[in-house]
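*Asks:* From first to last, the protein sequence lines are chains P and X.
Anchor point for the first sequence: position 533 equals 533 in full-length UniProt numbering, and the numbering is continuous, going up by one each time.
Anchor point for the second sequence: position 376 equals 376 in full-length UniProt numbering, and the numbering is continuous, going up by one each time.
Careful: at least some of the hints might be erroneous.
Pairs involving identical chains hold if they fit within one copy or between any two copies, as the list cannot separate such chains.
Below, in silico cross-link-like pairs of lysine to any residue (SDA-like), each with a Cα-Cα straight-line distance of 20 Å or less [said to hold, decoys possible]:
id : residue 1 : residue 2
1  : K90       : L539
2  : K90       : L546
3  : K192      : P324
4  : K323      : Q396
5  : K90       : A283
6  : K192      : R85
7  : K90       : P543
8  : K90       : L541
9  : K90       : D542
10 : K90       : R550
Derived by calculation from the structure, the hints in this document are not laboratory data.
There are 2 protein chains.
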Amino acid sequence: MADRTTRRRAVATVCLSGTLEDKLTAAAGAGFDGIEVFEPDLVASPWSPAELAARCADLGLSVDLYQPFRDLDSTDPATVRRNQRRARVKFDVMADLGVDTVLVCSAVAPDAVRDDDELTAQLAATADLAADRGLRIAYEALAWGTHVSTWDHSWRVVQAADHPALGLCLDSFHVLSRGGDPAGFAAVPGEKLFFLQLADAPQLAMDVLQWSRHHRLFPGQGAFDLPAFLGAVLAAGYGGPLSLEVFNDVFRQSDPARTAVDAMRSLLALEAALPVDPLVLPAAPELTGHAFTELAVDGVSGPVVAEVLDRLGFAHTGQHRSKPVQLWEQGAARVLLNAGVRTADGEASVVALAVESADPTASAARAEALLAPVLPRSRGNAEAELSAVAAPDGTQVFFTRTGPDGWPADFLPTHATAPGAGLTRTDHVGLTQPFDAYDEAGLFYDSVLGLDPGSGTEVAAPFGLVRSRGVTTPDRAVRLALSVSLLRRGGGWTPGVPDPQHVAFATDDVVATARALRAAGAPLLAVPANYHDDLDARLELDPALLADLREHGLLYDVDPDGAFLHLYTEVLGGRVFFEVVQRLAGYDGYGAVNTPVRMAAHRRARARG
Amino acid sequence: MADRTTRRRAVATVCLSGTLEDKLTAAAGAGFDGIEVFEPDLVASPWSPAELAARCADLGLSVDLYQPFRDLDSTDPATVRRNQRRARVKFDVMADLGVDTVLVCSAVAPDAVRDDDELTAQLAATADLAADRGLRIAYEALAWGTHVSTWDHSWRVVQAADHPALGLCLDSFHVLSRGGDPAGFAAVPGEKLFFLQLADAPQLAMDVLQWSRHHRLFPGQGAFDLPAFLGAVLAAGYGGPLSLEVFNDVFRQSDPARTAVDAMRSLLALEAALPVDPLVLPAAPELTGHAFTELAVDGVSGPVVAEVLDRLGFAHTGQHRSKPVQLWEQGAARVLLNAGVRTADGEASVVALAVESADPTASAARAEALLAPVLPRSRGNAEAELSAVAAPDGTQVFFTRTGPDGWPADFLPTHATAPGAGLTRTDHVGLTQPFDAYDEAGLFYDSVLGLDPGSGTEVAAPFGLVRSRGVTTPDRAVRLALSVSLLRRGGGWTPGVPDPQHVAFATDDVVATARALRAAGAPLLAVPANYHDDLDARLELDPALLADLREHGLLYDVDPDGAFLHLYTEVLGGRVFFEVVQRLAGYDGYGAVNTPVRMAAHRRARARG
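Pulled out of the complex, with its shape left as it was, chain P reads as follows (with noise of 0.2 Å):
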């Protein structure tokens, strides 16, 4: 666990699945220190309130805040009274909860207050009620209030009533969402910052309300500039919890368990990038490039993906010496296929990446206190020592130094050696994650592994809308392509391949090496005459190079930076296989607007075989 400083960390019942019972559960185990109670979670709930603050007190987590209190000023004397009382109702719930803050939300009714003078009457009133039960209000703008809209305005009215159990609750989404500028926060006298619910999202161009309802991430997952934030906050003498206030339709029906430490770890990472104080965790490594992949195979599929990968000019150069395990060489391109584990479905699959770090110790350091989940490890006492953490998809990823005291030593050289085909590394791995997972991981491998996540991409492919994004290292010596399913597939129509993953191997002459693997007779996937009639008549390539796709079946990409020749195997033993590329000059991408053709080739091959 990261060395703590001694800001408390909550989240909103909200942002979990479940019911209650199941919220409180993960918000727990994942180390939270409080809660924000969201009105129905209580409310569907069999506990009553004191039952409640029992079972948090049981639990080690603190009520923090109750909410939303919604509409409470009205136009309409009898709403008024209304409101009033059903404010009481509520103070009588807050008492038996243990919790002395209520989130009064701006109105969004039609009769809301549009004179800022009877605004603060009435929000002075209700202070009243509170502070009489020793409770106070912390008043939030929504960023589609009808009248109080910004968090200023929200400022203005607090300020007018100056009523001590009247203070602020400042939310990033609904400030940033709007423009809103954290440096105004310093004129804020600290003791009215009442509280601080913390999201980020997307940049998204929709309606303020149903981006907000649906599409809120984890601070580091969207596009806000939450360091920044939360500095602002803190700098003006903010001192309540740290909450998560997150509304994502992916969250809601996710594992509230995984969803916690998604939260947790997003906490840690967004006081870490501070700018001042910042949460010390262990620096991320540097990580310089892929060690080997794993796949797990069987005894069908094992030698399937052997044979493919003697014909792309590996040499199986090594056996394990305890294990089923066979290592496989080319250049610097290395894959384990590994007998010995058992994959869910039985099929051939990537189950391990291994990336060269600088400090393996350390890396495995950083990556625990990020809440990786540490993997036991599973190699023997005389092996070389592999510290492993287990990804969102399930993937082990293994830190590690590749050398011959390393685990290298592991395997008995087979002295085979092989031609080769020009591939000198591994450029990337192809991993689909699942439904749930995408965003979680895209947090995961920014925050463990320090490697830039890039922005995504999003193409309509033929079974559906698929997303994807590069996640890489600042020199790009360690690439991932995580991809996702817009939609969750499954269920009925579902004839393509389910969730394919891949390693993409590098080359310094994709013509050379096309010309080898199709004169080793390697199962390469062919690509469509029209893909090449079409990019053509939308690149006007010279002919030279047009010629060499055409003849080699090559796909093609370009952006401001280069450009992207490769080619793709077919898929071997389930739902893995192998991409060859090439990167001219400063290319950057991983070919996704080729994704459709590759998709509908697979599935031929697939309707074939």
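Model the placement of chain X on the given structure of chain P, informed by the hints.
*Replies:* Below, chain X alone, put in the same frame as chain P:
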């Protein structure tokens, strides 16, 4: 099959999931006359354009449009030259495909031409190239075009060009999403209307491009007035095919054979709704009530459900003459327990619903005309004939008239009676839809049964967002409540009740009924005290009513026309529960606001069970 007019029907390949091969098979199977070839589908296909043309001919499909050609015009002369070259290459493809019309959409690039004269000149120059090949260009205003974004602007340009090979493509989404007025089509000569693309959409507050790319629907599934739109296009003299172009995230990943049938059904229903020269379909006879709901049960769940029906005051009044089917009755509420069918998961579930039809044979004829799968008559010769079709979720829908010579004659009376508990009839049947079938189901019940689809609601339920809508006869004698998870669940964290279905019975006095059920030991779902506390805080209910709600564990909702009191049983035998409802005054909903409370309580009951 319906009486077909001479109008031809087409579907864009982009509407359907899969590879081009999958899409053609689906389109032909659903009876389409032609297709629009979406360029990326061709690009990913191994078929040459000529081979595709041959395949279409084999399937009886014409190729009606090649689309889209993007960003034709440019302020950059070099780009203009490249685009003319690109057009020539695509015209070659079109010639091989045997299609004479290409869709050119208004440019979205920053270098798009702003000056209408220059734009007209560039379009006319390309139209010259097209005319040389015997081809023509249908120009369409994209709603988000850089400069041309309305249909009337596109018409001014086409009119100015006055070129025989340049006409308009009208797309209902682009016109109606911008609030365009179809009345203006009357000013366009019919021969300048080269093509028509039809799509519906829900009203959404979002970026129009995202709205178009992800949320289009087939006609009748959204909020647009397509009959008026199509009527205006036809009145202007359009004589080409009625072609669907729908970009929808769900359809992109659903079984294309089903989607194509859904698409064709939408066109048939649209044509039947035309103000002039409508397609003649068999009328939908009046439906006057629920006849029965049939549950599949097995040796374990059957006795459980039977015992609960007994405690709910039902009597086992009949035993089927030849099948292991029991009839249970109370008032006009009837449930069949069928131990002779197997469900996929072996759990109790709703397998059929029967509605009273003024003319069952005509109901079945209409269903067949609208491509509803007609089910084989599984009833024996001596038994009453029941016409049945399959709904999108697989539920069998029977059309019947309950009477002494009808289906009840299949049952030998047991002469059992029961005191009853005040249940008078079936209020509604609740069917959780498979993820891919929600919009299809709305159109199915609307067009096939003549049920009005109500506006949908969305609730944040404990295990994810749930969308629901009622579909009802105008007089509410038949009500179905359809619901679906916003994101497909399954695969990991699914502790709730998966896709439960339910039957809701009406009572005129829910308090008396609740008292009777409790006395009989019915397994009623416990409602948290917090729920009633919150109800009182929100609604300030009459104390006597509130006391009744608390005492009997009733849930409550209000709408502008009335109120709703209801209670649930626990989930029985896997995935079925019962509901008892009392509607006060004109309440027209289903208590969706209480769904999260119900789901959390079912989750707890399941965790205990």
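*Asks:* Does each hint hold? Answer for all of them.
*Replies:* Here's how the hints hold up against the structure:
1. For the identical chains of this complex, K90 and L539 are inter-copy neighbours only, at 13 Å across copies versus 65 Å inside a copy, given an alpha-carbon limit of 20 Å.
2. Taking the shortest alpha-carbon separations for K90 and L546, only the inter-copy value of 17 Å comes in at or below 20 Å, while the best intra-copy value is 71 Å.
3. Within a single copy, K192 and P324 get their C-alpha atoms no closer than 64 Å, and across copies no closer than 71 Å, so neither meets the 20 Å cut-off.
4. In this homomeric assembly, K323 and Q396 come within 20 Å of each other (Cα to Cα) only inside a single copy, at 17 Å, whereas the closest approach across copies is 55 Å.
5. In this homomeric assembly, K90 and A283 never come within 20 Å of each other (Cα to Cα): the closest approach is 46 Å inside a single copy and 55 Å across copies.
6. Within a single copy, K192 and R85 get their C-alpha atoms no closer than 25 Å, and across copies no closer than 66 Å, so neither meets the 20 Å cut-off.
7. Within a single copy, K90 and P543 get their C-alpha atoms only as close as 75 Å, which misses the 20 Å cut-off; across copies the closest is 18 Å, which meets it.
8. For a Cα distance limit of 20 Å, the shortest separation of K90 from L541 across copies, 16 Å, qualifies, whereas the shortest one inside one copy, 69 Å, does not.
9. Taking CA atoms no more than 20 Å apart as the test, K90 paired with D542 passes between copies only; the shortest distance there is 19 Å, against 73 Å inside one copy.
10. Proximity of K90 and R550 under a CA criterion of 20 Å is satisfied inter-copy only: 18 Å between copies versus 71 Å inside one chain copy.
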